[in-house]
Every structure is written in C-alpha cells, then in structure tokens.
Amino acid sequence: MKILILGAGAGGGFPQWNCHCDNCRGVRDGSIKASPRTQSSIAVSANGTDWVLINASPDLRQQINHTPELWPADKQQQRGTSIRSIILTDSQIDHTTGLLTLREGLPLPVYCTDVVHEDLTTAFPLFTMLKHWHGGLQRHSIDTDYAASFTPQGAEGLVFNPVVLESNAPPYSSYRDKVVPGNNIGLQITDTASGKSLFYAPGCVQASPLVESMLDQASCVLFDGTLWLDDEMIQKGFSNRLGSQMGHMPVNGPDGTVSLLNRFNIDRKVLIHINNTNPVLNEDSEAHQYLTDNDIELAYDGMQITL
Numbered sequence: 192m193k194i195l196i197l198g199a200g201a202g203g204g205f206p207q208w209n210c211h212c213d214n215c216r217g218v219r220d221g222s223i224k225a226s227p228r229t230q231s232s233i234a235v236s237a238n239g240t241d242w243v244l245i246n247a248s249p250d251l252r253q254q255i256n257h258t259p260e261l262w263p264a265d266k267q268q269q270r271g272t273s274i275r276s277i278i279l280t281d282s283q284i285d286h287t288t289g290l291l292t293l294r295e296g297l298p299l300p301v302y303c304t305d306v307v308h309e310d311l312t313t314a315f316p317l318f319t320m321l322k323h324w325h326g327g328l329q330r331h332s333i334d335t336d337y338a339a340s341f342t343p344q345g346a347e348g349l350v351f352n353p354v355v356l357e358s359n360a361p362p363y364s365s366y367r368d369k370v371v372p373g374n375n376i377g378l379q380i381t382d383t384a385s386g387k388s389l390f391y392a393p394g395c396v397q398a399s400p401l402v403e404s405m406l407d408q409a410s411c412v413l414f415d416g417t418l419w420l421d422d423e424m425i426q427k428g429f430s431n432r433l434g435s436q437m438g439h440m441p442v443n444g445p446d447g448t449v450s451l452l453n454r455f456n457i458d459r460k461v462l463i464h465i466n467n468t469n470p471v472l473n474e475d476s477e478a479h480q481y482l483t484d485n486d487i488e489l490a491y492d493g494m495q496i497t498l
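In case it helps, the numbering used here puts the sequence shown at residues 192 to 498.
Hint data in this document are derived by calculation from the structure and do not stem from the laboratory.
Check the hints yourself; a few may be wrong.
Label-pair distances were calculated between CB atoms; the ranges are [stated by the list, open to error]:
1) Asp-265 to Asp-484: 42 to 50 Å
2) Gly-271 to Arg-219: 47 to 55 Å
3) Glu-347 to Asp-265: 16 to 24 Å
4) Asn-209 to Ile-425: 15 to 23 Å
5) Gln-480 to Asp-265: 42 to 50 Å
Taking lysine-lysine pairs in the DSS-like style, the calculated list, with each CA pair at most 27 Å apart, reads [claimed, not checked]:
6) Lys-266 to Lys-369
7) Lys-427 to Lys-224
8) Lys-387 to Lys-193
Using N, Cα and C, we set each Cβ at its ideal position, and we do this for glycine too.
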C-alpha cells in the first residue's frame, strides 16, 4: 500500500491567510524553522497507479498539481485522472470543499456515511450543486458498523473498515454538539497482500475501545494532531471553545495523543491535521523535540509512506 500526504494542515492551512500568530508570522518571514502545509487530505493506492482520494481539501487543485502520481496516466486522452474514487470521513469544509474543484472531472464515485451525505445535500449542498456537471457525484453509502468492510473503486487489494470516531460535526450541521455515529469516521485500511494496515483518524477527541483496537493492530497511524493544548485557541485569543469541544484531542498531556500512541507498538506514528497555532510546527521548539523523543513524526505535504 502506498500513501500520499497531499495536505497535513488543519482548516485554514499553514500559514492561515489572516493569521499573525507566532507560527504564521514566523513561517512567512523565515524567522522560524517550519514548512507551510495545505489543508488535510491523503491518497492511497494498492498498485501505485490507481488512487483513492480520502477527503477533498479546499487546496486540492494545488495538491494535485504538486503530485505527479495523480496526473492523467494516459497521455493519449485529452483529459483524465488517476483518482478512481473519493472517501469523505466527515462533512467539514476543510475535507469536502475540494469536491468543487473536481467538477470538470465528474462523474466520480464518492463514499460517505448517511449522516455526511445528509449534511452535504442540505446545510452544505455540494452533492446537489454538482449534479449540474456530468451527472455529479456517484454516491456510495458507508455503514457505521466496523464489520461492514468495503473496497472503493480503484482500490482492489485494499480493504476499508469504518471506525466511528468521537468528534464533532461542523457548525452548519444539524448534529453540531449532538453528534451521532457517522458524523466522523476513521478508516482502517488493510493491504490484503502484506496484511499491514493503516489507521487514519484526522479528528478524534477520545479513544473508544474500537479506536484502541485499531491502534493495537496498525502498522502505521495517521492521527489527529490539531492542537498542542486543549485550551490553545482560547489562550491565543482565537476562540472561546476548547479543542475538545471542537472535536480534537490535545497532543500534549496525560490524556493527549502522544500518551495514547505510546501505549501501542506501532511501526510508524504520524500526526496529521495540524493547526497553524500548534507549536510542534516550529522544528526548533520544545514541543517538536517532544515528538521526536517519542518517535512520533509530523506529517508534511508531499510525504510518502509505503506499507
């Protein structure tokens, strides 16, 4: 299995266009050692030719143009793509807006839960809007039962299992702050040839027994690294809500991501969906060194992983 990190940042990316926090200011003027990151999205493949896009970032056009693996493979065709299908793990703006960018390449199969489909046909009606381009998105339902495995188009050789995550729905969703199963899922992706698995969970506030089971089985984990501290956004004056209220586990602390991941023997532990305020982005920071000391990697745009 091949995994491409198309974007490793949280909503707004890094630097965020209107943000002047220490990180954003520092990466703009070169005063800190840090790399810009676009908004979160990955792609996976069993053969290196056919790719499944997982989440469609607002920065998707830029991400595809920087990723030759996703360029049209058949040079004889006027238009084409190596993206065979799309999976949405939630209905957040930073994971779905890129669908609009793909309108010229429709129809494409899109896999999502019923709850996500509801949000994207009502409060944020992307599916409805995109019907006007070549028939739109071909929707396939993802069950919330872990046992309901599936293989999306173009991913033959890989098996996907949905993992219900405890997180929050977008502000425009009718399920905001009253989450139901299906608002947010992670994915266990298993390569049937090697038996190795990836666990992808870009938004998770608490580890359920099922999440812990996924961590125990995983060869590689791409896990929520949004905020360093639960009250990070409040401290910096950007929000009046805790990270946990927004649906994210803090990286640091006894109940944080590092503490959780250290309980399991995982070959590669990688944080993704990193907010622009998170001090781990500064590679000279104590927070970044803390990750290094715990054998945890920080995802970056263009990162490639092979399992």
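Hint by hint, here is what the structure shows:
Distance hint for Asp-265 and Asp-484: a CB-CB separation of about 47 Å, consistent with the stated range 42 to 50 Å. Take Gly-271 and Arg-219: their Cβ atoms lie about 37 Å apart, and the range 47 to 55 Å is violated. Between Glu-347 and Asp-265 the Cβ separation comes to about 19 Å, which falls inside the hinted range of 16 to 24 Å. Range check, Asn-209 to Ile-425: about 18 Å between beta-carbon atoms, so the 15 to 23 Å window is met.
The hinted window of 42 to 50 Å between Gln-480 and Asp-265 holds, with their beta carbons roughly 46 Å apart. Note on Lys-266 and Lys-369: the hinted pairing is violated, with a Cα-Cα distance of about 49 Å set against a maximum of 27 Å. Distance check on the hinted pair: Lys-427 and Lys-224 sit about 21 Å apart at the alpha-carbon level, within 27 Å; holds. The suggested pairing of Lys-387 with Lys-193 holds, with an alpha-carbon distance near 11 Å, which does not exceed 27 Å.
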